[in-house]
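A.B. asks: Sequence:
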Amino acid sequence: MTRFRTPSPLLALVAACGSSQSAPPENRPASDPMPPVQTAQPDPGPEPGTFGHDLAFLREHTDVVVLELGDARVAVAPIYQGRVMTSAAAGEEGLSYGWINREAIASGERRPHMNVFGGEDRFWLGPEGGQYALYFAPGDPFDLEHWQVPEPIDWGGWEVASREPTEIRFTKEMSLESYARTRFDLRVDRTVRVLPGESIAEHLGVVPPEGVQAVAYESENTITNTGEAPWRKRSGLVSIWILGMYNPSPATTVVVPYRAGPARRLGPVVNSSYFGEVPEDRLVVVENVVYFRADGQHRSKIGIPRPRAMPIAGSYDAEHGVLTLVSYTLPENAQDYVSSLWEQQRRPYGGDVVNSYNDGPPAPGAPPLGPFYELETSSAAAALAPGASLTHVHRTFHLQGGEEALDPIARATLGVGIEDIIGAFAPGE
698 MTRFRTPSPL LALVAACGSS QSAPPENRPA SDPMPPVQTA QPDPGPEPGT FGHDLAFLRE
758 HTDVVVLELG DARVAVAPIY QGRVMTSAAA GEEGLSYGWI NREAIASGER RPHMNVFGGE
818 DRFWLGPEGG QYALYFAPGD PFDLEHWQVP EPIDWGGWEV ASREPTEIRF TKEMSLESYA
878 RTRFDLRVDR TVRVLPGESI AEHLGVVPPE GVQAVAYESE NTITNTGEAP WRKRSGLVSI
938 WILGMYNPSP ATTVVVPYRA GPARRLGPVV NSSYFGEVPE DRLVVVENVV YFRADGQHRS
998 KIGIPRPRAM PIAGSYDAEH GVLTLVSYTL PENAQDYVSS LWEQQRRPYG GDVVNSYNDG
1058 PPAPGAPPLG PFYELETSSA AAALAPGASL THVHRTFHLQ GGEEALDPIA RATLGVGIED
1118 IIGAFAPGE
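So the sequence shown is numbered by the numbering used here: it starts at 698 and just counts up by one.
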């Protein structure tokens, strides 16, 4: 609601008695000019870039549930498949960490291929491409014109099963058909909860120093086979796929640790061929760490295969002093991960576990989807008997502060310091 300043008693008197016919006040000569009338000014509202600013916008267009714990804020939108839209570590005045597509949300219109609403934790299912794809109709070519996100994970609200101050649970029944014409009947149970400070130290293995602002939350995602047939590898399997969209900047770098070892035993370190090979000035592989530009200026994607995957990834935005970390479920005995490459695949279960996407124009002169960048994690392929379930937990941590305060956190979790991350790409490259 727009608020106005209360008029002063003098202005109220002028309004009541009339301006030209009123007698001057007793203590002022009649020749003195009247003071200028101050017009009412609307409340400017929250500053752009803050959680409060994004929350006000979202509430203009849909219902939003805000989970709170201390100064931590997490905004969840049931109408957008229960996704986390954005979060903050310092209340409504704090920096808003999630990327939100204001144009798409304000239009209220359904878009072809994908409704890009944004949000820093959304639920999808894999695989995207290949002979068991869920995003291409049987027989269609694997190109952008024929790519389509399945409706249950792209459009329409999810039922709120329960709600508390620090968590909310959703449920959704759906049926999907793959490129191989395999039918999947399933139920999704999804819980989003804010994590307390002690959980940050427990999951990251380090206590954030004083002066670091932090917000942490997790999505616990479970799929259950509600059909009558078991899901088998020979006819295609699905997986849980969680994607987070964040605001890019020229000073943002994604950091993905990987398991060291010889290529003959563990295979390649990184898959960088999703949208053509990534240029050398955007991808750097050093010992134990992959650096990837997240500036929203070049459409590219990388992935870490299962033999190399570690249960954590992150990014550092030097412009705003924000270290973002993502941890996730990585079972030691799980080896089969679906591949989402847009082609007939030789190894459909040799897919990536952790991915990062950097948005940019899909073709010369074409507008980008965002721009934004993503950190993504996937569950193992779900070979489920009727009634059986698989759960994947995806945790997000945003820590904001000075370089000196964030450095020990980066070293403890990613294996490199803040200076290493900043120096991964020389200025001007």
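The set of hints was computed from the structure by calculation and includes no laboratory data.
Take these hints with a grain of salt, some might be off.
[To be verified] Per label pair, the in silico range of CB-to-CB distance:
(1) GLY1062 to ASP978: 36 to 44 Å
(2) GLY924 to GLY742: 29 to 37 Å
(3) HIS810 to GLY958: 48 to 56 Å
(4) ALA926 to GLY742: 50 to 58 Å
(5) ARG756 to GLN1032: 25 to 33 Å
(6) ASP1033 to GLY924: 16 to 24 Å
(7) ARG1108 to THR863: 28 to 36 Å
(8) ARG860 to ALA1080: 26 to 34 Å
(9) GLN1032 to ILE776: 14 to 22 Å
(10) ARG756 to GLY1062: 48 to 56 Å
Don't be surprised by glycine CBs; every beta carbon is placed ideally from N, CA and C.
A.B. asks: Each hint: holds or not?
C.D. replies: Hints and how they fare:
| no. | hint | in the structure |
| --- | --- | --- |
| 1 | GLY1062 to ASP978: 36 to 44 Å | 22 Å, violated |
| 2 | GLY924 to GLY742: 29 to 37 Å | 49 Å, violated |
| 3 | HIS810 to GLY958: 48 to 56 Å | 39 Å, violated |
| 4 | ALA926 to GLY742: 50 to 58 Å | 54 Å, holds |
| 5 | ARG756 to GLN1032: 25 to 33 Å | 45 Å, violated |
| 6 | ASP1033 to GLY924: 16 to 24 Å | 20 Å, holds |
| 7 | ARG1108 to THR863: 28 to 36 Å | 30 Å, holds |
| 8 | ARG860 to ALA1080: 26 to 34 Å | 33 Å, holds |
| 9 | GLN1032 to ILE776: 14 to 22 Å | 37 Å, violated |
| 10 | ARG756 to GLY1062: 48 to 56 Å | 36 Å, violated |
Of the hints listed earlier, those the structure fails to meet are numbers 1, 2, 3, 5, 9 and 10, in rising order.
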